[in-house]
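S.K.: So the protein lines, in turn, are chains A, B, C, D and E.
If you're matching positions, the first sequence starts at 1 in our numbering and goes up one per residue.
If you're matching positions, the second sequence starts at 1 in our numbering and goes up one per residue.
If you're matching positions, the third sequence starts at 1 in our numbering and goes up one per residue.
If you're matching positions, the fourth sequence starts at 1 in our numbering and goes up one per residue.
If you're matching positions, the fifth sequence starts at 1 in our numbering and goes up one per residue.
A portion of the hints provided could be inaccurate.
What the hints assert, rightly or not - Footprint (simulated), chain B over chain C, 3 or more residues, beta carbon under 8 Å:
1. 54-60
2. 222-236
3. 241-252
4. 279-285
5. 296-310
6. 315-326
The hints are simulated quantities; they were obtained by calculation from the structure and are not laboratory data.
Backbone N, C-alpha and C define an ideal beta-carbon position, used for all residues, glycine too.
Each chain, written out:
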Amino acid sequence: MVRQIKGRSKKSGLPPGTPVHVGDRKTEIIKISLIDYDKESFEMRVTQTVEECFAYKGKPTVTWINVDGLHEVSSVEQLGNCFGLHPLTIEDILNTEQRPKLDVFDTYIFIVVKMHTWNEKTKEITGEQMSLILGDNFVITFQEKEGDIFDEVRNRIKNNKGRIRKSGADYLAYSLMDALVDNYFRVLESIGEDIEEMDEELIKNPTPRTLHKIHFLKREMIFLRKTVWPIREVISRLVREETGLIKDSTKIYLRDIYDHIIQIIDTVETYRDVISGMLDVYLSSISNRMNAVMKVLTIFAAIFIPLTFIVGLYGMNFNTEKSPYNMPELNWYYGYPVALGLMLFVSLIMLFLFKKKKWF
Amino acid sequence: MVRQIKGRSKKSGLPPGTPVHVGDRKTEIIKISLIDYDKESFEMRVTQTVEECFAYKGKPTVTWINVDGLHEVSSVEQLGNCFGLHPLTIEDILNTEQRPKLDVFDTYIFIVVKMHTWNEKTKEITGEQMSLILGDNFVITFQEKEGDIFDEVRNRIKNNKGRIRKSGADYLAYSLMDALVDNYFRVLESIGEDIEEMDEELIKNPTPRTLHKIHFLKREMIFLRKTVWPIREVISRLVREETGLIKDSTKIYLRDIYDHIIQIIDTVETYRDVISGMLDVYLSSISNRMNAVMKVLTIFAAIFIPLTFIVGLYGMNFNTEKSPYNMPELNWYYGYPVALGLMLFVSLIMLFLFKKKKWF
Amino acid sequence: MVRQIKGRSKKSGLPPGTPVHVGDRKTEIIKISLIDYDKESFEMRVTQTVEECFAYKGKPTVTWINVDGLHEVSSVEQLGNCFGLHPLTIEDILNTEQRPKLDVFDTYIFIVVKMHTWNEKTKEITGEQMSLILGDNFVITFQEKEGDIFDEVRNRIKNNKGRIRKSGADYLAYSLMDALVDNYFRVLESIGEDIEEMDEELIKNPTPRTLHKIHFLKREMIFLRKTVWPIREVISRLVREETGLIKDSTKIYLRDIYDHIIQIIDTVETYRDVISGMLDVYLSSISNRMNAVMKVLTIFAAIFIPLTFIVGLYGMNFNTEKSPYNMPELNWYYGYPVALGLMLFVSLIMLFLFKKKKWF
Amino acid sequence: MVRQIKGRSKKSGLPPGTPVHVGDRKTEIIKISLIDYDKESFEMRVTQTVEECFAYKGKPTVTWINVDGLHEVSSVEQLGNCFGLHPLTIEDILNTEQRPKLDVFDTYIFIVVKMHTWNEKTKEITGEQMSLILGDNFVITFQEKEGDIFDEVRNRIKNNKGRIRKSGADYLAYSLMDALVDNYFRVLESIGEDIEEMDEELIKNPTPRTLHKIHFLKREMIFLRKTVWPIREVISRLVREETGLIKDSTKIYLRDIYDHIIQIIDTVETYRDVISGMLDVYLSSISNRMNAVMKVLTIFAAIFIPLTFIVGLYGMNFNTEKSPYNMPELNWYYGYPVALGLMLFVSLIMLFLFKKKKWF
Amino acid sequence: MVRQIKGRSKKSGLPPGTPVHVGDRKTEIIKISLIDYDKESFEMRVTQTVEECFAYKGKPTVTWINVDGLHEVSSVEQLGNCFGLHPLTIEDILNTEQRPKLDVFDTYIFIVVKMHTWNEKTKEITGEQMSLILGDNFVITFQEKEGDIFDEVRNRIKNNKGRIRKSGADYLAYSLMDALVDNYFRVLESIGEDIEEMDEELIKNPTPRTLHKIHFLKREMIFLRKTVWPIREVISRLVREETGLIKDSTKIYLRDIYDHIIQIIDTVETYRDVISGMLDVYLSSISNRMNAVMKVLTIFAAIFIPLTFIVGLYGMNFNTEKSPYNMPELNWYYGYPVALGLMLFVSLIMLFLFKKKKWF
């Protein structure tokens with residue numbers, strides 16, 4: 001995830017507004033799903049050609065066109081031209097390395113955000129880009145690959161649950177953003193569980209692998225944070241928008257999302273703090289352990305070094321026969337027991353001193 | 001306390017405004033206490049059904065309905081509908097994973113805050129959510145379980161102490177917020193005592209357990225901070241509120257709470273700084289100790305290693321009879337005393353050198 | 001100094017505006033000193049009862065009432081009522097755990113600040129709270145115990161030095177604030193001297209005690225900083241005040257205090273940076289020293305361990321008589337000198353290698 | 001890259017507005033390339049004298065004069081005078097130690113930015129300064145040496161690709177800025193690859209050289225960050241510019257650059273965080289390794305020190321003939337096997353203890 | 001440089017506006033140099049009495065009075081009174097412990113800044129205070145001691161170079177500020193060279209002295225930063241000044257200084273970052289080295305400890321004659337060579353293991 005902006009170089013030198021697909025190709029075929037509804041009617045179809053969508057332009061019913069897969073540049077371009085999108089907007093839709101942002105044009109609002117999912121196995125966050133166009137009676141969404149976070153919204157429209165069928169395109173756009181933001185709660189919940197696990201591991205049995213996992217998670221949070229902060233701005237600007245594309249009654253709901261995104265940011269920041277704290281805990285536990293190892297070594301050395309000296313002393317070969325001054329101890333009657341006693345005494349003194357210093 | 005937003009996933013996919021209880025069930029039965037008063041009259045009743053409350057709607061007297069326990073979704077919904085609450089408000093009341101916030105609606109102000117208590121035994125902060133609705137002549141509060149921090153307010157109303165009976169619903173809301181903020185002082189006072197204890201422990205006898213406690217407290221402060229900051233914003237917006245629901249005379253009192261919350265934030269930040277400092281103290285005391293252990297080891301090794309070499313030297317078995325060059329010292333008359341003297345001399349030199357380097 | 005807000009709990013549950021003394025009782029008896037002056041006249045009296053002050057209310061001359069000692073709640077309350085103070089103001093005066101703040105009421109300005117003194121012996125900052133009421137023609141100050149930082153102002157009034165006798169109550173309030181801020185310069189000067197001392201100690205002979213002193217000072221700075229920042233805000237708001245209680249000519253002087261307080265904050269922040277730097281110096285000097293100890297140990301071990309091995313080798317008891325392969329060196333004519341030479345050679349090689357690695 | 005502002009001293013003392021070339025001479029000869037175009041016509045010429053440019057002043061077509069090489073002070077001065085530049089502007093063009101900035105004058109906008117390239121071999125960022133003057137119908141650019149990042153723009157004009165030939169000087173200026181900002185994406189992409197490489201190295205085989213490279217890259221990011229932040233400000237002010245020199249249709253495109261520069265800043269900040277994290281990983285891997293080394297040492301010492309003591313013990317020379325108490329073990333029938341067994345037992349005990357402590 | 005505000009205490013207790021000289025006396029005699037000029041005329045004189053200056057008050061020509069030395073309080077006071085300075089201004093001129101600031105009075109602008117010079121030998125930054133009064137037709141500057149950074153300005157006036165003789169007092173004030181700011185570039189250039197030197201030292205041969213120098217420089221940067229930031233504010237306010245004392249044509253030049261000061265701040269911040277990075281490099285190089293030392297020790301110990309055990313083993317004195325089980329190896333025909341071979345084998349195994357662990 002480090003190489004943030006790979007693939008950008010493909011574009012350098014081209015005139016601005018040139019549609020080029022930047023990013024990995026995440027799906028094989030492009031899939032277009034079209035939903036058209038109002039209070040009474042409901043229509044849903046899946047297609048692979050954009051031409052079918054053109055008929056829905058200008059209809060008084062609410063139309064939601066969802067495009068999965070961005071590699072067919074010409075399809076996106078045709079759709080964009082039909083619905084009157086600015087060349088820069090089409091360029092931005094195709095470039096999946098965008099930063100979340102909101103652009104207001106005369107006839108539509110253009111939103112780019114990131115959708116993240118948490119891979120339970122690799123413990124990785126993977127993301128894809130979602131672009132949303134909110135026009136007068138239509139919403140167009142572009143995703144890099146098929147996903148399921150909008151399924152609930154689809155069901156609500158189909159089954160006429162909640163306010164959605166009674167409201168306009170702005171409420172649909174709100175519902176999609178709400179599903180997207182809710183999804184972040186799910187991601188954070190999974191990460192929270194992961195942090196708890198690591199926390200336990202940290203206390204019970206910290207290994208260098210634990211450290212590695214903490215560092216990895218820390219980096220994930222850097223990237224998550226980088227994605228979530230600009231979404232806050234996007235929604236804040238949506239709430240304050242005055243183009244007439246968003247009704248006041250919908251803005252109350254947008255304020256609700258705003259509260260959610262603030263809570264998400266809060267949680268991300270808290271997780272960062274908690275993870276930093278875990279790194280500190282790890283490092284000080286290493287320090288503690290090293291200290292313990294050092295003490296064991298020192299106790300061993302300090303007890304046995306004098307003893308080894310004494311036994312070495314009486315292993316010297318001075319000629320006791322040549323002189324009464326040469327190691328007379330060797331010929332004493334109780335020489336050996338006295339030497340053993342001396343060594344025992346030295347050891348006890350040492351142990352006593354270490355005990356006093358609270359080394360064990 | 002890490003898994004900040006558990007239970008949220010229960011809600012994802014539902015249309016906004018759907019009332020769902022999110023959070024742990026902290027009490028068995030729902031309890032509704034109802035207080036109705038004005039300058040002269042006072043009435044208080046405890047019930048378990050919401051229907052009794054409906055009669056108090058629109059009465060000119062001040063009505064305070066307090067609901068303990070949120071798991072009976074339908075009761076909350078009925079009460080909300082009766083007093084004209086927006087579906088999003090009802091949803092937020094039931095979701096106990098809210099961030100403290102203030103929402104202003106046409107006919108009422110909706111406040112969500114957290115109430116914290118400090119568990120003396122586990123040294124843990126536990127929190128619950130409190131929602132407060134301030135309407136024209138009524139205040140409705142929702143708590144997750146029965147508590148006692150509002151008892152003093154109840155007594156003041158009952159015994160007609162202070163201004164409370166003479167003032168309107170806004171003053172009642174203020175009094176409840178004041179009790180809640182005062183409670184934070186109590187929590188911080190307990191934590192302060194705990195910090196002092198740890199501080200002493202840190203100087204007298206720091207153990208890895210001390211470190212563990214410091215880290216734990218540090219994390220508690222992260223969470224406390226996260227809760228207290230948004231309360232500042234809530235009260236700041238209350239003071240600047242211009243709906244007419246809050247009288248100017250009450251705003252002077254709200255400014256007073258604002259000062260208190262700033263003081264609480266100040267104290268939380270100071271505690272964080274102090275705790276960080278304690279971690280530094282711990283780590284440098286570990287360093288100091290390790291240094292001391294290293295020195296003892298080095299002094300021992302450096303003194304005895306040369307001595308051990310000397311005794312080993314004279315333990316060699318070169319054949320002194322074959323040649324006058326082979327270890328003639330062994331046959332000297334004063335060989336042994338000279339060797340002992342040499343060793344003493346070497347030790348003293350070493351001790352002198354270490355003394356000079358200020359190693360002990 | 002950790003338990004910031006002890007004693008607060010005494011108040012919880014009481015209706016707001018209830019006068020309760022919070023804090024330690026720092027003086028035995030309450031002392032009221034009263035100064036009344038204008039261009040020509042001057043009167044000064046010391047009393048212990050508040051009733052004498054009532055007569056001065058509404059006089060056209062400037063009246064300064066200074067109260068030392070806050071434990072007699074009723075006296076403070078009577079004085080407050082006489083001069084028309086709001087119950088919350090009286091409550092705040094009595095609560096010595098306030099954060100510095102400024103409240104503007106219709107007829108007076110209420111200022112709470114902290115006065116700090118530096119105890120040269122314990123190297124501790126001790127503080128007390130000062131409240132100041134600036135009314136139309138009067139200034140009332142409340143201190144926790146008798147102090148002398150206002151003596152100079154008293155003398156200036158008495159001896160008619162400077163502008164003070166020719167100016168109104170606002171200039172008197174300014175003069176008192178100025179004396180208070182000047183006092184912070186004195187405190188910082190003492191701390192600066194202390195830092196210099198520690199700095200020298202750090203370079204010449206750093207001990208764990210030095211570290212302890214640095215940590216202590218660091219914490220003192222946390223608290224000083226916490227007190228000084230809000231004073232900046234108090235004075236900034238005084239300068240921008242538009243109640244008419246403060247004349248424009250006095251505001252030039254207040255701007256001067258503002259510059260001073262900015263300088264004090266600057267100095268506190270710089271001290272914090274310097275103290276942090278000192279901690280870094282200490283820790284890296286510990287590291288350096290440990291490294292040096294390690295090297296001595298390693299050099300000793302690395303030189304003597306091979307030598308000890310050699311002497312051990314020739315201390316083995318293989319039977320040289322049974323076989324010509326068993327330690328023939330022991331029977332060589334120059335066996336011993338050769339062995340000594342070998343050991344000398346090994347030592348020199350080692351020393352040469354360490355020299356090359358720049359270990360000493 | 002540390003000596004940020006070398007060469008500045010050349011200028012001190014001179015009156016402001018004196019044209020002096022500050023910086024290294026990066027090219028031998030000055031090269032002036034001149035492009036003049038409108039919807040239909042296109043002219044391009046390369047020259048070394050400025051006089052040829054004078055004729056293009058005031059022409060209704062768009063004129064782009066690009067100067068490579070700044071050491072011929074008089075040429076720059078003549079050009080500046082011809083197009084009515086302020087003396088301070090000319091001074092700033094010649095001083096290559098500028099901070100990126102935007103100055104608005106009555107008849108032109110003056111922009112200074114930095115162009116960076118990443119040297120794949122030395123892993124260094126090298127930069128040069130680019131000045132851009134946007135006048136009514138002309139754009140003048142100054143570079144320190146010939147480069148190729150504007151080649152694509154030249155080609156687009158030549159081949160009449162995109163909107164450029166149909167638009168005015170402001171769109172040309174935008175295109176140049178766009179090329180410059182795009183170039184930063186290329187630089188960041190290269191750095192991203194480098195970080196990934198180092199990341200792998202860090203996990204597989206961290207050496208002090210890795211650390212050195214991380215520190216080097218960290219410093220590169222400090223400088224990159226310092227350059228990129230002010231560019232954001234430059235473009236932000238361009239978007240809000242109201243001189244009429246920039247048309248509204250061009251501002252949409254400038255907002256697009258603004259998004260890009262925000263993304264670049266975001267990436268730079270993320271890289272900084274990632275690099276900091278890598279330093280932490282390195283340091284804790286050093287700690288882990290040291291800990292492992294310590295353990296090996298301690299295990300060895302702790303196992304063999306007691307054994308060595310035992311063998312030393314039975315190497316003592318107490319006279320077994322003089323007394324039955326002197327080392328009777330030496331004369332036991334199974335003395336040696338028992339001693340060996342004892343040593344084996346001690347070793348096993350030790351190993352068992354270390355195993356239990358999870359030391360290996 | 002720690003004791004920031006020494007000497008302040010001299011002032012406490014005095015009425016505000018009392019002129020007292022605070023700071024060290026840096027010159028023996030006070031020196032007043034007076035320059036008076038307009039487009040045609042030029043006059044310059046050096047004097048030691050202020051009375052000569054009075055005649056120049058109110059002249060239509062531009063008068064620049066420069067005072068070196070502040071200890072003669074009365075001279076400064078007389079000069080101030082003559083030119084109508086507020087008592088607080090005179091007090092501030094004499095107090096050399098000021099923070100850089102700008103005060104606007106009705107008839108003049110008062111600026112206090114710091115002039116710094118870098119002492120090449122002691123590697124210390126020394127500073128002095130400069131006060132500047134800009135009036136209608138006059139500029140008065142006060143310095144603590146004679147300096148030469150204004151010499152160039154003097155020469156320009158004398159030799160009628162640049163715009164200075166044609167412009168008013170505001171342009172003179174600008175020129176002086178410009179000279180002062182330019183001087184900071186010189187200081188930073190010197191520090192930059194110093195950092196480069198240290199950087200090289202750090203890579204080639206880091207010693208504790210290097211560390212000491214880095215810490216020293218770090219502290220110097222703390223103080224430089226503290227001085228430079230408020231100058232930014234001073235100049236920013238000068239640019240926005242609307243008293244009419246500064247002409248719009250001069251403001252273009254002031255904006256230029258503003259850019260310079262921003263660049264200086266940028267450089268100071270970058271240097272701080274670089275120096276912090278150097279500290280990290282130093283500490284990790286210490287860690288690396290310690291690790292290397294540890295490894296050498298461990299390798300030595302781990303190889304020789306088993307060998308020493310073996311030679312000790314065969315140095316035991318078990319009686320081989322009493323039992324065939326007692327050390328039969330000693331009597332083997334190839335006992336000694338086998339023992340030597342065993343030791344060689346053990347060493348090789350050890351070396352192989354360490355090689356595998358990449359310890360050397």
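S.K.: Hint by hint, work out which the structure violates, then give me just those numbers in ascending order.
M.R.: Result: hints 1, 3 break, sorted rising.
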